[in-house]
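Following the hints, put chain F in place on chain B, whose structure we already have.
Number of protein chains: 2
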Amino acid sequence: MEPGGCDAGPTVKAVAAVLPAGGSGERLGGATPKQFCTVQGRPLVSYTVRAVERVSWISDIIVVVSPENIETMKSIIEKYGHKRVTVTEGGITRHRSIFNGLKLFSENKFSNHLLQKPEVVVIHDAVRPFVEEDILLKVVMAAKEHGAAGAIRPLVSTVIASAADGCLDHSLERTKYRASEMPQAFLFDIIYQAYQQCTDYDLDYGTECLHLALKYCKTNAKLVEGTADLWKVTYKRDLYAAESIIKDSLSQQICIITDVKEAVVQVGFLLHESLRSQIKVETISISLSKRDNHLQNIFSGQCYNFVCINVHLNTSENASFSIDLEELTKMKKFAREVKRKNILVYGLLIQYKDYFPLQETVNSAAALTMALIKDRNPELTGQLVVA
Amino acid sequence: MEPGGCDAGPTVKAVAAVLPAGGSGERLGGATPKQFCTVQGRPLVSYTVRAVERVSWISDIIVVVSPENIETMKSIIEKYGHKRVTVTEGGITRHRSIFNGLKLFSENKFSNHLLQKPEVVVIHDAVRPFVEEDILLKVVMAAKEHGAAGAIRPLVSTVIASAADGCLDHSLERTKYRASEMPQAFLFDIIYQAYQQCTDYDLDYGTECLHLALKYCKTNAKLVEGTADLWKVTYKRDLYAAESIIKDSLSQQICIITDVKEAVVQVGFLLHESLRSQIKVETISISLSKRDNHLQNIFSGQCYNFVCINVHLNTSENASFSIDLEELTKMKKFAREVKRKNILVYGLLIQYKDYFPLQETVNSAAALTMALIKDRNPELTGQLVVA
Numbered sequence: 000m001e002p003g004g005c006d007a008g009p010t011v012k013a014v015a016a017v018l019p020a021g022g023s024g025e026r027l028g029g030a031t032p033k034q035f036c037t038v039q040g041r042p043l044v045s046y047t048v049r050a051v052e053r054v055s056w057i058s059d060i061i062v063v064v065s066p067e068n069i070e071t072m073k074s075i076i077e078k079y080g081h082k083r084v085t086v087t088e089g090g091i092t093r094h095r096s097i098f099n100g101l102k103l104f105s106e107n108k109f110s111n112h113l114l115q116k117p118e119v120v121v122i123h124d125a126v127r128p129f130v131e132e133d134i135l136l137k138v139v140m141a142a143k144e145h146g147a148a149g150a151i152r153p154l155v156s157t158v159i160a161s162a163a164d165g166c167l168d169h170s171l172e173r174t175k176y177r178a179s180e181m182p183q184a185f186l187f188d189i190i191y192q193a194y195q196q197c198t199d200y201d202l203d204y205g206t207e208c209l210h211l212a213l214k215y216c217k218t219n220a221k222l223v224e225g226t227a228d229l230w231k232v233t234y235k236r237d238l239y240a241a242e243s244i245i246k247d248s249l250s251q252q253i254c255i256i257t258d259v260k261e262a263v264v265q266v267g268f269l270l271h272e273s274l275r276s277q278i279k280v281e282t283i284s285i286s287l288s289k290r291d292n293h294l295q296n297i298f299s300g301q302c303y304n305f306v307c308i309n310v311h312l313n314t315s316e317n318a319s320f321s322i323d324l325e326e327l328t329k330m331k332k333f334a335r336e337v338k339r340k341n342i343l344v345y346g347l348l349i350q351y352k353d354y355f356p357l358q359e360t361v362n363s364a365a366a367l368t369m370a371l372i373k374d375r376n377p378e379l380t381g382q383l384v385v386a
Numbered sequence: 000m001e002p003g004g005c006d007a008g009p010t011v012k013a014v015a016a017v018l019p020a021g022g023s024g025e026r027l028g029g030a031t032p033k034q035f036c037t038v039q040g041r042p043l044v045s046y047t048v049r050a051v052e053r054v055s056w057i058s059d060i061i062v063v064v065s066p067e068n069i070e071t072m073k074s075i076i077e078k079y080g081h082k083r084v085t086v087t088e089g090g091i092t093r094h095r096s097i098f099n100g101l102k103l104f105s106e107n108k109f110s111n112h113l114l115q116k117p118e119v120v121v122i123h124d125a126v127r128p129f130v131e132e133d134i135l136l137k138v139v140m141a142a143k144e145h146g147a148a149g150a151i152r153p154l155v156s157t158v159i160a161s162a163a164d165g166c167l168d169h170s171l172e173r174t175k176y177r178a179s180e181m182p183q184a185f186l187f188d189i190i191y192q193a194y195q196q197c198t199d200y201d202l203d204y205g206t207e208c209l210h211l212a213l214k215y216c217k218t219n220a221k222l223v224e225g226t227a228d229l230w231k232v233t234y235k236r237d238l239y240a241a242e243s244i245i246k247d248s249l250s251q252q253i254c255i256i257t258d259v260k261e262a263v264v265q266v267g268f269l270l271h272e273s274l275r276s277q278i279k280v281e282t283i284s285i286s287l288s289k290r291d292n293h294l295q296n297i298f299s300g301q302c303y304n305f306v307c308i309n310v311h312l313n314t315s316e317n318a319s320f321s322i323d324l325e326e327l328t329k330m331k332k333f334a335r336e337v338k339r340k341n342i343l344v345y346g347l348l349i350q351y352k353d354y355f356p357l358q359e360t361v362n363s364a365a366a367l368t369m370a371l372i373k374d375r376n377p378e379l380t381g382q383l384v385v386a
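As given, the protein sequences belong to chains B and F, one line each in that order. Heads up: the first sequence at position 135 corresponds to 134 in numbering that gives the first Met the number 0, and the numbers run straight through without jumps. Heads up: the second sequence at position 110 corresponds to 109 in numbering that gives the first Met the number 0, and the numbers run straight through without jumps.
Next up, chain B with everything else stripped away, as it sits in the complex:
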């Protein structure tokens, strides 16, 4: 969807985004600023950049980081193949950082090549990784119409004012107020003019861009109801929550790959049936002897989770089976190698004996598969779990 492209609404000529990522993360209580904390092997800021860059109508993305993190940020952009991103140096406060980002569009001295000045600029925090295109579109369209717009959320706690003695002065009626969240969007000329005119006090102690637009450009921002996932990663518990949400999003879908042989297809079918109440399942049967090309195509698709089923018949008569230590070591070595590419490999043994009901074992295999996919524990890769 393109802003204005879908109906008779106003057409926006160019949209850029500025992501302030200069925070020190002091509330998190760790040494690493929260935007650079690793979640499932990837820095948080990279998730946010990805969320913004997949919006095709945002032409330029400026990430503003503190001087000591310029190189870190550049290497993140390279490692994760981010496009349309420019890294620039922030100031000592949030407002100064955002202002620096905006200058790339209008002051030659801050950039080797001047970026195209956008009609509307989106401002979004690097520590709000779950922003959706829908809310970005809404604030951009509202900014086009009103000059400024920002996402809001209901207050979770009552807000109170304290008197000088540390006692309650008054409490605000919760329904009359909202939490101002991100993203926000502005006509570029309005927010840039606001930053040019505002005082050092504003730049040093202010936090709210909507306030600057109101104070210096008499622009009353349109407020847009946002969804719960706009929240800002602030505390350690928020990193935990972000990790769980990311794990969740990675465990929505599974692809079962089997050989075309009947016995294998049957196990694949049963596993499919057992899994499909919990996860979206796709099953592909291909000749595994010429699998290389096929598999490459499958793996480059949208799915993050694969179960490849191979059937080995155990011909021994007794109830014990033997695992070759060298085989196990080989599997662990392979798992260790691909883990570097963030691919997690586990072995799953489905025991099938006449006196074991296959369905029950497959159900157990499905439960184990779900547990491994949901946990995504890199330490357990290369292990052989037994259903």
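Please note that a few of the clues may not be correct.
What the hints assert, rightly or not - Dumping the calculated DSS-like pairs for lysine-lysine here, alpha-carbon to alpha-carbon at most 25 Å:
1) B/Lys12 / B/Lys82
2) F/Lys175 / B/Lys217
3) F/Lys235 / B/Lys373
4) F/Lys217 / F/Lys102
5) B/Lys175 / F/Lys231
6) F/Lys373 / B/Lys338
7) F/Lys373 / B/Lys235
8) F/Lys373 / F/Lys340
9) B/Lys137 / B/Lys214
10) F/Lys102 / B/Lys235
11) F/Lys73 / F/Lys231
12) F/Lys235 / B/Lys231
13) B/Lys137 / B/Lys231
14) F/Lys235 / B/Lys246
15) F/Lys279 / B/Lys235
16) F/Lys373 / F/Lys231
17) F/Lys12 / F/Lys102
18) B/Lys331 / F/Lys331
19) B/Lys373 / F/Lys373
20) B/Lys332 / F/Lys373
21) F/Lys235 / B/Lys235
22) F/Lys78 / F/Lys137
23) F/Lys246 / F/Lys338
Said to hold, decoys possible - In silico contact screen, one side only, chain F against chain B (beta carbon under 8 Å); selected entries:
24) Lys12
25) His145
26) Ile151
27) Leu154
28) Ile159
29) Tyr176
30) Arg177
31) Thr206
32) Phe333
33) Glu336
34) Val337
35) Ala366
Calculated directly from the structure, the hints in this document are not laboratory data. In this text, a Cβ means the ideal position worked out from N, Cα and C, and glycines have one as well.
For chain F alone, kept in the frame of chain B given last:
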């Protein structure tokens, strides 16, 4: 520590706590109200009750739930052995529920036996499970002195007021306001009088107890800075965060149990050394042949995680080893049985061969042990992981 018991400060005669737990959890987006959502096999409200009941100077704990959850709550209290807890029926709003809870201390008709009227009453949400004794003590002492007190936190987002047209009217200067959190504490007579006098509008639309004390009893509550862990479980992401925090708190300590035989003690020592940079480790060597009594004592201690080391010498010459399927099935069966008591059992095989460096294998075992302890994945119990 007892309020007033430690120094010359005011002595509080009796302290009770009221936990409103009647919320419907609509913001969570699930069918189960959030206080009854299960985190690591235990309902959230049970963690909160535990946090309050371990404070020895709180004599009575009233949990106020909606009529349909009375039985659920009673069975939770029985299952987790909560003491000093009375369950009572809530009203249709938060204030009406809290008022109902307070009535147990002063109106005969609401209770079979009238509970002792406390001097100070603590009000705390059932969905804030991580409250510490320290902050409870602070609000109680402040309530004794000021009549009312409540925990506050800095605002995470700027708070704004919107005009009738859905545009920004003004934003509040973030530093002048605070989020009102829980716990709060009141002289019983003050908060009870406030509830008796307040209007139906207050009871139906209000949310803030401090406001009632101010409006009806002219009591300006003392505001006490709380810690980040006072936050309220509101959204699904908060449940994720709570789960991670609870897992974290369960993985702080490990007890390694070995036989007194030298070979076993040596492995135990190496594992101890390898783990101690990540977790508090205690190692106990006892004669495992008469272990039953000893182990019982150890397990009833404070530690949640145990590694029992047994050494089996593999005398075969070649690199393959054999796992008896029946043995494995027995272990899984045992793990399944004890899982009902929320005990998670995993098997860990440390391969020790002359040509494997033992230290390296032990390091790998330590990493696997930490992964299993941190993940606490019930689906993987009974599995044999190989270091």
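Here is what the structure says about each hint:
no. : hint                : result
1   : B/Lys12 / B/Lys82   : holds (20 Å)
2   : F/Lys175 / B/Lys217 : holds (23 Å)
3   : F/Lys235 / B/Lys373 : holds (16 Å)
4   : F/Lys217 / F/Lys102 : holds (22 Å)
5   : B/Lys175 / F/Lys231 : holds (21 Å)
6   : F/Lys373 / B/Lys338 : holds (20 Å)
7   : F/Lys373 / B/Lys235 : holds (16 Å)
8   : F/Lys373 / F/Lys340 : holds (19 Å)
9   : B/Lys137 / B/Lys214 : holds (23 Å)
10  : F/Lys102 / B/Lys235 : violated (39 Å)
11  : F/Lys73 / F/Lys231  : holds (23 Å)
12  : F/Lys235 / B/Lys231 : holds (15 Å)
13  : B/Lys137 / B/Lys231 : holds (19 Å)
14  : F/Lys235 / B/Lys246 : holds (14 Å)
15  : F/Lys279 / B/Lys235 : holds (21 Å)
16  : F/Lys373 / F/Lys231 : holds (24 Å)
17  : F/Lys12 / F/Lys102  : holds (19 Å)
18  : B/Lys331 / F/Lys331 : holds (23 Å)
19  : B/Lys373 / F/Lys373 : holds (14 Å)
20  : B/Lys332 / F/Lys373 : holds (23 Å)
21  : F/Lys235 / B/Lys235 : holds (16 Å)
22  : F/Lys78 / F/Lys137  : violated (31 Å)
23  : F/Lys246 / F/Lys338 : holds (16 Å)
24  : Lys12               : violated (24 Å)
25  : His145              : holds (7 Å)
26  : Ile151              : holds (7 Å)
27  : Leu154              : holds (7 Å)
28  : Ile159              : holds (5 Å)
29  : Tyr176              : holds (5 Å)
30  : Arg177              : holds (6 Å)
31  : Thr206              : holds (6 Å)
32  : Phe333              : violated (15 Å)
33  : Glu336              : violated (16 Å)
34  : Val337              : violated (18 Å)
35  : Ala366              : holds (5 Å)
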